[in-house]
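> Protein chains in written order, with the working numbering: chain Z, 1 to 506; chain W, 507 to 654.
These are computed hints drawn from the structure, not numbers from a lab.
Possibly wrong hints are sitting among the right ones.
As the list claims (entries may be wrong) - Stretch-level coverage of chain Z by chain W, calculated; a stretch enters the list once three of its residues show a Cβ under 8 Å from a Cβ in chain W: (1) 307-320; (2) 390-403; (3) 446-453.
Stated by the list, open to error - Computed list of chain W residues with no C-beta within reach of chain Z, every gap over 10 Å: (4) CYS559; (5) LEU589; (6) VAL636; (7) GLU652.
Since the model is a prediction, treat every value here as computed from it, not as a measurement.
Positions of the beta carbon are idealized from the N, C-alpha and C atoms, including for glycine.
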Amino acid sequence: METLHYLSLGFGVALQPENLMFALMGCFIGTLIGALPGLGPANGVAILIPLAFTLGLKPETALIMLTAVYAGAMYGGRISSILLNIPGDEPAMMTCLDGYPMARNGRAAEALAISAIASFMGSLIATVGLILLAPLLARFALTFGPSEYFALFVLAFATLGGITGKNPMKTLMAAAIGLTIATVGIDLSTGTQRYTFGVLELYEGVDFIIAIVGLFAVSELLFFIEERAGAGREMIKVNPLKLKWREIASIMPTTIRSGVLGFIAGVLPGAGASLGSFITYTLEKKIVGKKGYFGEGDPRGVAAPEAGNNGASSGALVPMLTLGVPGSGTTAVLLAMLVSLNITPGPLMFTQNAELVWGVIAALLVGNFMLLLLNIPLVGVFVKILSVPPMYLLPIVTMVAFVGIYSISHSTFDLYFMIAFGVGGYILRKLEIPLVPVILGLLLGPEMEKNLRHAMQISDGDWSILWSSGLSIGLWLVAIIGLLLPVVVGPILRRRMQAARARTQD
Amino acid sequence: MSKFNDRVFGLVMLVIAVAYYYGATQFPVPFGGSEAVGPETFPKLLAVILAVCSLYMIVKPDADNPWPVAQTFLELGIAVVVLIAYALLLEPLGFIISTMLAVGTLCWRMGAKPMKAYLTGLISGAVVFVLFTYGLELPLPLGLLEIN
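Next up, chain Z with everything else stripped away, as it sits in the complex (with noise of 0.2 Å):
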C-alpha cells in the first residue's frame, strides 16, 4: 500500500509538462546516443551532466532525463547489430546474431520492431521488480552500518570487473587509481590539504564529472583515429514492415521469460546487462530447442537478449539507487549525477527525497512507453542519423564535450584537465585496465573513507570492526568470491561468447 502511495506521488512528479518534455527528448538523446556505434551508454550520458548542469535543471528533472537517456540508449544499442552488425554497445552484442541474419533475409524492420517490442516488455518487467524490490532493499540496508558500508564498497569493486572481466588484478588496480585520485583535495574532517602541491585548482580535489568526460569521450576519440574507422560501414536497406500479431504473440513467452532473467542479472552485483543477454539467448535457444532456428535469423533469438539486457538495465538501478553502489559504468555515472546534485544516495534516499527516487521511477514506466512509440514509427530517423559517418559525428560529440565542461565553471583549465584524463584513459584502455572502476573510486572514494573513518573512531582504532558483524562478514565473502570467480569462470564465459558470435559471422 506504502508503496503504491509513493509511486502516486512519483507520477505526479513524472507527469508534469516540464519532466515529461525532458523525459522525451532524453529518450530521443538516449536512443540515439546507443545507436552510433562507439558511442556507449556510461559515455553518452557522462557528455550529458555538464549540460543538465548548466541549464539549472532542477535535480528531479536532470535525473529523469538522464535516466531516460540511460533507458534510451538501451533501446538504442540493438539497431546498430541488426542493422550493421556492430553492437552499438557491449550489451547488444547478441542481439547481432540473430539480427543481423534477419535483416539480410530481408526483414530488417521486422527484427527492429521484434527488439523495440521486446525492449518495451523487459524494461517493463524490470520497472516493475525495481518497483517491489526496492523499498524492501532500502529498508534493510538502514541496519547499514559503517563497517557494513566500508564491506559493501571493497564488494562493489570487487564485483565491478564482472564475471566476463578479464584480469581481477586490473580491475583492483583501477579502483585504486581512482580512489587515490579522489584523495587529491582539502580532507573535508580535518582541513589537512592532500596532495594539493599549492594548486589553487586541486584545492577542491579533482571534479570527477570532468574525469568522467575525459576518460570516455576524449579516449573514444583517440580510439576511433586510431583505427581508422571514419568512413563507418555498409549498412542494410529497411524494408517496409509487415509484422503479424501472431507473430508478437509468439515473441512473449521468450520475452516475459528472458525480461525477469535479465532483471535478476542486473540486481546481482557483477553480473549487469552483457551478462543479462548472454544468459537470456543461451536460455532460450535450450528451452526452444531444436524447433528455433537460433542463429539463421529467428525472432526470439532477437527478442531474447533484447528483453534480456533492457531487464538488467533496469535492474541495475536497484543497488544504484538503495544502496549508492552502482553495479555498472553507466549507473556510476547516473550516480555521479546524484552525488553532483548533493544528494546522497543510500536508503535515506527513499524517505529525505521519496519525490525525487519516485519521480524517476514512475519516470523510467513512462519514458518505457515514449521509447516504444519512439521506436517503432520513428526508426527511419535513427537509420538515417546512424548513416553520418564518425568522422563528422565524433568531432561534434567532442565539441559539445568541451562545450559542457567550459560552461560549469568558464575556466580553461578544466578543459586541459579533461584533455589529460582522455590520454590517461587511451592508455589504460590500451593496457586493458578498465575505466569504469577508475569512476567509481572517484566517485565513492569519499564516503568510503568517510565510512572508514567512522568506523575506526567507534571501535577507538581496532581494525577488526570492519570484520564484526556476521552481515560484513558475508560481504567480505561475497567480495572474495567476486573477485576470485572471474579467474575461473571467466574464460569459459568469455569463449563461449566469441565462438556464439564467431559461428553467425562465416
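Please build the complex by placing chain W on the supplied structure of chain Z, with the hints as guidance.
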C-alpha cells in the same frame, strides 16, 4: 608477444605508489592531535594496494596490445594537439572560430574532405553558439567576432 607494456606501467605505478605513501607521511598533524584514523591512513592503505597491483603487473604481465606506429601515431598526436589548441584558443578567438578550426581539423584528419570538414565545424559551432547564448542564456565567448 612481448609483455613490455604491463611491466613499464607497473614500474611507473610502483614509483607513484611509493611517492604517494611518502606524501602521506608528510601531512601535518591535524589540529587537536592525531587520531586512530587521520587524513594519512586511507592514502597509506591505497598506496599498499597500488604497490601490490603494480608488482603483480610486473611479475605476471599480460600480452601487449600493439601501440600505434608512424602515421597513426602522428594522427593521434595531431588530435591531442588540436584539442589542446582548442582549449587554448577558445577564449581569444571565440567559440565559433575556434570550433570551426578544431572540429574542422579533426573531421579532416579522420578522412573528410577539407571543405566539407571545415563547413561542418563552422555550422556546428554556430548552431551550438546560438543555442547556448540565446536558447539557454549561457554566453559563450565571441572572441574576434565581438564588435565593440
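> Three or more residues of the stretch 307-320 of chain Z near chain W by CB distance under 8 Å?
With 0 residues in contact (Cβ-Cβ under 8 Å with chain W), the coverage given for the stretch 307-320 of chain Z is violated.
> Is it the case that GLU652 (chain W) keeps its Cβ farther than 10 Å from each residue Cβ in chain Z?
It holds; GLU652 (chain W) is separated from chain Z by about 16 Å at its closest Cβ, greater than 10 Å.
> Was LEU589 (chain W) rightly flagged as not at the interface, with every chain Z Cβ beyond 10 Å?
violated, 5 Å
> Would you say CYS559 (chain W) is clear of chain Z, with no C-beta pair closer than or equal to 10 Å?
violated, 4 Å
> Can you take a look at whether the stretch 446-453 of chain Z is actually covered by chain W? Rule is 3+ residues, C-beta closer than 8 Å.
holds (count 4)
> For VAL636 (chain W), which was marked as not at the interface, is the minimum beta-carbon distance to chain Z over 10 Å?
Holds, since 12 Å exceeds 10 Å.
> Closer than 8 Å Cβ to Cβ for three or more residues is the test here. Does the stretch 390-403 of chain Z pass it with chain W?
holds (count 11)
Checked against the numbered hints given earlier, this structure breaks hints 1, 4, 5; the rest are met.
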